[in-house]
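Following the hints, put chains W and Z in place on chain U, whose structure we already have.
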Amino acid sequence: MDIKYIDPFIKATVNVFDEFFNVLPEVQKPYLLDKDEEHEWDVSAIIGIAGEAKGAVVISFPAELASILTSRLTGKTVREIDEDVVDTIGEVVNIVAGNAKKGLEEYRLMISLPSIVRGKNHKIAWPGKNAPVIAIPFKSVLGEFNLSVILENIIA
Amino acid sequence: MKILVVDDSRIMRNIIKNTLQYLHQPDDEYVDAADGVEALEILMHNHIDLLLLDWNMPRLNGLELVKKLRSMEQFVHLPIIMITSEAAKYNVIEAIKEGVNDYLVKPVTERGLLSKIKRIFPHL
Amino acid sequence: MAGFLNSIRRFWNNITTSGAAGILSMEQKRRVVFLNSIDLAGMFILLAFSVVNYRDNKLLIAASLLSAFFILFFALIYMRIKKKFVLSGYIVVITIFFLFLFLLYTGGVEKSYSLWIQTFPLVAIFILGLRPGLIATGLYFIGISCLVFIPQAAQVEYGFSFGVRVIGSFILVFFFALFYENIRSQTQETLEKLSSDLLAAKKQTDSIMAHVDEGIFLLDSTLNIGSEYSRELEKIFGIKNLENRSLLNLLEKKIDEKIFSATKDYLDMFFKPTINIQLLEEINPLDRVELHFVESDFGFITKYLEFTFAPIISEEKTGNILCTVKDITEEIELAKKLKAQETRTKKQMEQLFQIINVDPAMLNEFILDAESELENINTLLKSDEKDYNLIINSIYQSVHAIKGNALLLGLSHTSKKLHGIEDEISEVREKELSWNELLKFTIRLSEIKNEINDVKDLVERVLAFRSNKDVKKIVQKDLLINAVERTINVLSKERNIEVNLVTDNFNSKAVTAKYRKVVKDILIQLTRNSLAHGIEEPKVRSSLAKEKVGTIIISSAVEDGKFTLSFKDDGRGLNAHTIKEKAKSIEAFKNMDFDGMTDQRVLSLIFHPRFSTAKETTFAAGRGIGLNLIKATVEKNGGSLKVRSARGKFCEFVITLPL
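Protein chains in written order, with this note's numbering: chain U, 1 to 156; chain W, 1 to 124; chain Z, 1 to 659.
For reference, chain U alone in the conformation it holds in the complex (with noise of 0.2 Å):
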């Protein structure tokens, strides 16, 4: 795992909410994340990526954190995890994909469109049979979120 690959998803995550929520989350310290690890997460989206590394970078929301989001973009208020806020959380990690795209230009990489996981303690299915992952927590007035990296690199 290099830090080169998650840094741009870091920068874009934070780029994304300063310009679409007004909110500059705070990024809090990394943890290495029990792969069974009980969390209080209800929304996944995880990007899958490929090149000269492989694995998966997850942005897990709480369902609070989801429903502001989802009400402050489509100006609906939101009462459960519904199609809308599933729809919205993808396409807010879409344009974090989008972003961090830019900061990898310069590696071999390509990443994957979001797919959305989730339910109360959702299961992701994080590739690699005993890579630990690394959690990154973010605070923000709106809520926390948490951004996860598994990434392993490929000997070219």
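Hints are computed from structural coordinates only; laboratory data are not their basis.
Think of the CB as a built atom: it goes at the ideal place given N, C-alpha and C, for glycine as much as any other residue.
Among these hints, one or two may not hold up.
Here are the simulated lysine-lysine pairs, DSSO-like style, with alpha carbons at most 27 Å apart [what the hints assert, rightly or not]:
| id | chain 1 | residue 1 | chain 2 | residue 2 |
| --- | --- | --- | --- | --- |
| 1 | Z | LYS258 | U | LYS102 |
| 2 | W | LYS67 | Z | LYS258 |
| 3 | W | LYS116 | Z | LYS339 |
| 4 | U | LYS102 | W | LYS89 |
| 5 | Z | LYS303 | U | LYS4 |
| 6 | U | LYS4 | Z | LYS440 |
| 7 | U | LYS123 | Z | LYS456 |
| 8 | Z | LYS258 | U | LYS29 |
| 9 | Z | LYS258 | W | LYS106 |
| 10 | W | LYS116 | Z | LYS317 |
| 11 | Z | LYS440 | U | LYS139 |
| 12 | Z | LYS317 | U | LYS102 |
| 13 | U | LYS120 | Z | LYS339 |
| 14 | Z | LYS317 | W | LYS89 |
| 15 | Z | LYS272 | W | LYS97 |
| 16 | U | LYS35 | Z | LYS272 |
| 17 | Z | LYS440 | W | LYS89 |
| 18 | Z | LYS254 | Z | LYS326 |
Ranges of calculated distance between the beta carbons of each label pair, as one might list FRET restraints [what the hints assert, rightly or not]:
| id | chain 1 | residue 1 | chain 2 | residue 2 | range |
| --- | --- | --- | --- | --- | --- |
| 19 | W | ARG70 | Z | GLU315 | 18 to 28 Å |
| 20 | U | ASP36 | Z | ASP384 | 17 to 27 Å |
| 21 | W | ASN46 | Z | ASN276 | 38 to 48 Å |
| 22 | Z | SER261 | W | ARG70 | 15 to 25 Å |
Just chains W and Z now, with coordinates in the frame of chain U:
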């Protein structure tokens, strides 16, 4: 035949000129230049039959020189072999698209260079 | 208007093919259409003539014409219903046969019926085919000859010279009909053979295209895929109906952008007037290309493809490019896997050899220790702690502790890796730390976790080979002493010294579970220090009139609710002067007043985080964190640590921990 060798490294120019001896053409004449600007100057005032051109050079690099030459009527058919350390195929393709006749990846070897020249001048 | 004409055409087609267009071959269809047309035309003519004759009061002729009309009408309907075209053909031909003979018999106006009858051979031969047509025509010939030449055979007198003309022109028509049918059937035959050859060839091509294990296709000058391509191509791209699809579209966003734009330029070169095939072959940018196919669910599937391109030149111009593409993913993946496996196996074998000689129980303890160290760090990372330097220092201490244990067990790969990380941290721990560095070391932690997981896998495999009995026996051995023994074994070999361990007065059962790890860390760290700085080489010891073999004595006692641990070696002891000199050279101690220090105060400097007296940083010692860590741990547990030493004679650490 008059051959112009363009490379910013004097040693490289000498290696290339030395290799050209193996063509066994006693009447051949070799001229050299250290960059694109010098090369253009020579081309304007001499009749050159073959241009051996390095890619990375100060002032006017090889690719820029090729573009310039191909836009000038009198150099449209001048045979050009690009000598490059860039082995990536998309670089080579770019050069050929701009009008280079052939390319050679460094290091320059006798066999490599001569086979490329013979491709352009089959009678040699 | 056009629509109206079209429906008329469709109606006519339907009538003349008896509504059987779909089931007829070309040749059959032609005959059926002809048959129906003749039948229909005949019906109209017969009806018309019948009316005319009726009006002229020639009732017999009118009646026979009308009955012929009905026969033809019957044939038409019969054909339509039963589709029995051969039988219907005979009905029509026979009707015409008798009709014409009858007409000839009656003669008509100015003997004009003799003209009509000339058409029979054409009709008979075409409808019935050559042989039956000939027979019918032969009989017909006899019939008309009789009527024309035999006087009074017909109602009218034809006369000889008129008869000759009728028969002559009949023979001429007959020969032309024969000649025409012959040519027509030959042409037909050749045509059928040709088309069946073509069909067979097409079948072969289709079969090749369906079964070849490469994608084969043609590109036109717009770089679109041609209609004939092998099935494999659809499999490779996972898309059906590739005809007229642009190859570039198929590749876009799946391959590297630079390679993609080069590919476009490259393929365009094939259609330039001056092409150098050899050169094009050399610079093929897709001769081995990585494609990333987006999977709907999650991430990518990577395929490696091998393309070849060859121009198909006609009239000195490239018409198409013949392309082949082969999926070489398996080969590449296999090669990659083999390489990775090779490195991995090599590493595992090394570790395996080391592990196999170590008690599984100790390995287990190593893994548990390492995991708990990582867990502690992770807890710290998850906490509110804002001091990055403190976190990095904790990471450093954990890495150091795990490294020490790994070294002790002889896990050289793991300890080397940890040593590298230790070095990385050493470079930054004094500086202001950024978040990025914290992330970097979190990533390192994940690598350590990976490493520990690998060891775990290996241990599990080794254990699978050993019987449970063995494991139990090993567990019963004193793990604390065992750990010290191991440290001594490893390090004494490294320094070429000999050490005797005395543990008679050590009771490991007195160490409570709470202190087990603390005591173990302390004992190992002190042993490492002793072997690195304390006990002299045998030669030196001899010259000092000491026993060649050094001694380490570990003892324990429980008194007044306190656990006391003593670690004593008979090495060179602590030298206040050397320590002072060393301390003076250390940047961190620059401002200390060394002159006013008592010896005891000087000795305590060895517990300072930045102090180390080993000349170079080696694997085993030289990192000041060791003693510092012990002091910190002991004090954290409310205990105390004392050091006593006599120069050249001994050095003793006494640790007291509350119970």
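Hints, verified against the model:
1. Between LYS258 (chain Z) and LYS102 (chain U), the direct Cα distance comes to roughly 15 Å. Compliance with the 27 Å bound is thereby established for this hinted pair.
2. Annotation: proposed proximity of LYS67 (chain W) to LYS258 (chain Z) holds, straight-line Cα distance about 20 Å (limit 27 Å).
3. Restraint check for LYS116 (chain W) and LYS339 (chain Z): the C-alpha separation of about 36 Å exceeds 27 Å, so the hint is violated.
4. At roughly 24 Å between alpha-carbon atoms, LYS102 (chain U) and LYS89 (chain W) fall within 27 Å of each other, so this suggested pair holds.
5. Annotation: proposed proximity of LYS303 (chain Z) to LYS4 (chain U) holds, straight-line Cα distance about 25 Å (limit 27 Å).
6. Taking the CA atoms of LYS4 (chain U) and LYS440 (chain Z), the gap is about 10 Å. The hint holds against a cut of 27 Å.
7. Distance check on the hinted pair: LYS123 (chain U) and LYS456 (chain Z) sit about 25 Å apart at the alpha-carbon level, within 27 Å; holds.
8. Distance check on the hinted pair: LYS258 (chain Z) and LYS29 (chain U) sit about 37 Å apart at the alpha-carbon level, beyond 27 Å; violated.
9. Distance hint between LYS258 (chain Z) and LYS106 (chain W) is fulfilled; the C-alpha atoms sit about 22 Å from each other, no more than 27 Å.
10. This hinted pair checks out: LYS116 (chain W) and LYS317 (chain Z) have alpha carbons roughly 24 Å apart, not beyond 27 Å.
11. At roughly 20 Å between alpha-carbon atoms, LYS440 (chain Z) and LYS139 (chain U) fall within 27 Å of each other, so this suggested pair holds.
12. Distance check on the hinted pair: LYS317 (chain Z) and LYS102 (chain U) sit about 42 Å apart at the alpha-carbon level, beyond 27 Å; violated.
13. Of the supplied pair hints, the one linking LYS120 (chain U) and LYS339 (chain Z) is violated, its CA atoms being roughly 41 Å apart against a limit of 27 Å.
14. For the proposed pair LYS317 (chain Z) and LYS89 (chain W), the alpha carbon gap of about 25 Å is at most 27 Å, so the pair holds.
15. Distance restraint check for LYS272 (chain Z) and LYS97 (chain W): the Cα-Cα separation of roughly 10 Å lies within the 27 Å cut-off, and the hinted pair is therefore satisfied.
16. A hinted pair counts as satisfied when its Cα atoms are at most 27 Å apart, and LYS35 (chain U) with LYS272 (chain Z) does not qualify at roughly 56 Å.
17. Annotation: proposed proximity of LYS440 (chain Z) to LYS89 (chain W) is violated, straight-line Cα distance about 35 Å (limit 27 Å).
18. Note on LYS254 (chain Z) and LYS326 (chain Z): the hinted pairing holds, with a Cα-Cα distance of about 16 Å set against a maximum of 27 Å.
19. Taking the beta carbon of each, ARG70 (chain W) and GLU315 (chain Z) are about 27 Å apart, inside 18 to 28 Å as hinted.
20. Distance hint check for ASP36 (chain U) and ASP384 (chain Z): the Cβ-Cβ separation is about 25 Å, which falls inside the suggested range of 17 to 27 Å.
21. Judged by the Cβ atoms, the range 38 to 48 Å given for ASN46 (chain W) and ASN276 (chain Z) is violated: they are separated by roughly 27 Å.
22. As the Cβ distance of SER261 (chain Z) to ARG70 (chain W) is approximately 20 Å, the hint placing it in 15 to 25 Å holds.
The earlier numbered hints that this structure contradicts are 3, 8, 12, 13, 16, 17, 21.
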